[in-house]
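J.: Given chain G's structure and the hints, the job is docking chain B onto it.
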Amino acid sequence: MNQTVMFSRAVIVASMLVMPVAAWASARSDAKEQVEFGIKVAQTGLWREAQYRWERAVELDPTYAEAWNNLAIAYEHTGKFDDARKAYETALKLDPKNTLIRQNYDLFKEINDRTQKRRGGR
Amino acid sequence: MTGPRNAAAVASLVLLCTAIGCTNFYEVPIETPIQPKMDVTPFTRILVAGFISGGSDDVDGNLETVRLLRSQLRSKSTLRVIEAEVLPLVDIAREQGKEPAGPSSSSVPTGGGPGQTPADPPPSTPPVPQQPPAGEPTPQQPSTPPATGQVAPVPGLESTDGKIRNEKDLERYQSIFENVAFWKKLGEQHQNPLIVTGTVLFTNTQSSGFVNQNREIIDPLGRRVVQPYRVYMERKGFIIEPRFVFIDGRTGAVLFSDRFHEEVLYPASQQTPALSSYFELMDRLIPSFLGSLSTQRIRGTRVLLK
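Chains as they are written, first to last, in this note's numbering: chain G, 65 to 186; chain B, 512 to 817.
Since the hints were made in silico from the structure, they are not lab data.
Don't take each hint at face value.
[As the list claims (entries may be wrong)] Derived pair list, reagent style BS3-like, types lysine-lysine, alpha-carbon separation capped at 25 Å:
id, chain 1, residue 1, chain 2, residue 2
1, B, 817, G, 157
2, B, 674, G, 144
3, G, 173, B, 817
4, B, 587, B, 548
5, B, 817, G, 104
6, B, 817, G, 96
7, B, 548, G, 150
8, B, 817, G, 150
9, B, 674, G, 161
Chain G on its own, in the form it takes in the complex:
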């Protein structure tokens, strides 16, 4: 009897430990699907649809740096510079060593700074 109780307790504890990991894995998997679909449509020029997919992806998994990077690019493409900056910064916070995100961000900053200067020079 004691053994059965012990076993069932162990199962409960184990499942409590595993469940968040499984949930995270599932969220990442769903987010990844959205990201991949977003890339496909962006490559055909459907940036609004791509933006929607990447917004879904970061909702599903807010720790997905690559999704934030892609979302930043979509925002940049549609002229939403403030949103793009925030998305790039989130991506870099999540993955500071990613050289490709850094490179995208640097290119974005160059254009954004030029635009700010133009506006300041009125």
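T.: Chain B alone, transformed into the frame defined by chain G:
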């Protein structure tokens, strides 16, 4: 030679792949929209009226600038470009400067519409309001401009020899842009468009001194290498200094203005026609000019990640 290069390329790709944790990446072209500096939504038409130009006699800065801007606007702006006679703005400013109060020559020429010429008779205008006594400032009433299109005399224009040679000469003509009545009347003639005007100073320049150049040499190991060196050179060229003024044709008020400065130098031995230098310099400015009016797109590439 190709072997080691390929190996290096593969190695760098592997290194890059390692650095980014073997993420899949896709390079995509993007076009970043840059918002215009001014709001042109109230306008559907644009009139490049004319410019006060000066400097080199080899280029008619007024005519060439009007032609160039109109052609650029036709292809790169959503505004409809009004084809009208180019205003001889220097002459108009001079007439305004000379003129005593009276009906007149300083009114807006009617050479605006297609088919019309500057020789057409001027429209009948009511008499000019009495000028204040000497010594008293001329009151500015931007909200209720006089309906005549008459202007206060431009001080100092009478003394010029007819040539605008430098920035200081141009300064004397700047007041024409504040002449709300003149621009409002011009706007009325063309159904209230956005008016583009301004000044263009295109001057010769020359300089001498040391400049950095590169030359290719063969090193002791037989390889070609590029070596920088300094050489003394006499150079000549041109400077262009335009100021674009955007005026609301409905009110005659200045909406926005922008100044630019570009220059180009060639070796003294090189014979470059002034007109080709003018276009070379204007080519550099055109994107900024268009950026004042319409959204410009900057092309680039970004990397999408999986």
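J.: Taking the hints in turn, state whether each one holds.
T.: We went through each hint and held it up to the structure:
no. : hint             : in the structure
1   : B:817 with G:157 : holds, 17 Å
2   : B:674 with G:144 : violated, 49 Å
3   : G:173 with B:817 : holds, 22 Å
4   : B:587 with B:548 : holds, 16 Å
5   : B:817 with G:104 : holds, 11 Å
6   : B:817 with G:96  : holds, 7 Å
7   : B:548 with G:150 : holds, 24 Å
8   : B:817 with G:150 : holds, 19 Å
9   : B:674 with G:161 : violated, 62 Å
Consistency with the previously given hints fails for numbers 2, 9, ordered from lowest to highest.
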